[in-house]
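With chain A fixed as given, assemble chain B onto it according to the hints.
The lines below spell out each chain.
Number of protein chains: 2
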Amino acid sequence: MDENLLGIIAGILTSVSMIPQVIKVLKEKNAEDLSWMMILVLISGLSLWVWYGFIKDELPIILSNAFAVLVNIVLLICCIIYKKR
Amino acid sequence: MDENLLGIIAGILTSVSMIPQVIKVLKEKNAEDLSWMMILVLISGLSLWVWYGFIKDELPIILSNAFAVLVNIVLLICCIIYKKR
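Protein chains in written order, with the UniProt record's numbering: chain A, 1 to 85; chain B, 1 to 85.
Extracted from the complex, chain A is given alone in its bound form:
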């Protein structure tokens, strides 16, 4: 299989699997189960993956990790907003 296509399919699958949690948190307006500390660790790791993707010049890695960074920034914002209550 073409490696870029493989990477894109892999990226879509791992990205899709994150959506339900975001929807759940946004819907229930509850971020009790999320740890902002872990989200920060995750965002750091994912950002390094994006950097790695740029160095290696691999679009699937850049795109899927950049998407994951966005999703986790949304989760982090939810954590901050909903935990204050």
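The hints are simulated quantities; they were obtained by calculation from the structure and are not laboratory data. From a predicted model like this one, the values you see are computed outputs, not experimental measurements. Where hints are given, some of them may not hold.
Identical chains share a label here; the pair holds if one copy fits it or two copies do between them.
To be verified - Cross-link-like lysine-lysine pairs, in silico, DSS-like; alpha carbons within 27 angstroms at most: (1) Lys27 <-> Lys83; (2) Lys29 <-> Lys83; (3) Lys24 <-> Lys83.
What follows is chain B alone, placed relative to chain A:
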């Protein structure tokens, strides 16, 4: 920065961020919040990433995604065991 070192650090950070959820599920013996459907999608995506890593011959991608596959298989088993109750 050396790209392999960068990938390894990125992999460690994204792997570490998964540990608390597994510990929480194992400790509380509760997998209510987990969707086995999404875990299956995630395992498929991560497995494709491992495959991608083999094609590209990139050890950081293989190792971090293989670890994530293992973690999610544990979560899937927890889902099956704890949801039956």
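**Asked** Quick check: which numbered hints come out false for this structure?
**Response** When the structure is compared with the hints, none of them turns out to be violated.
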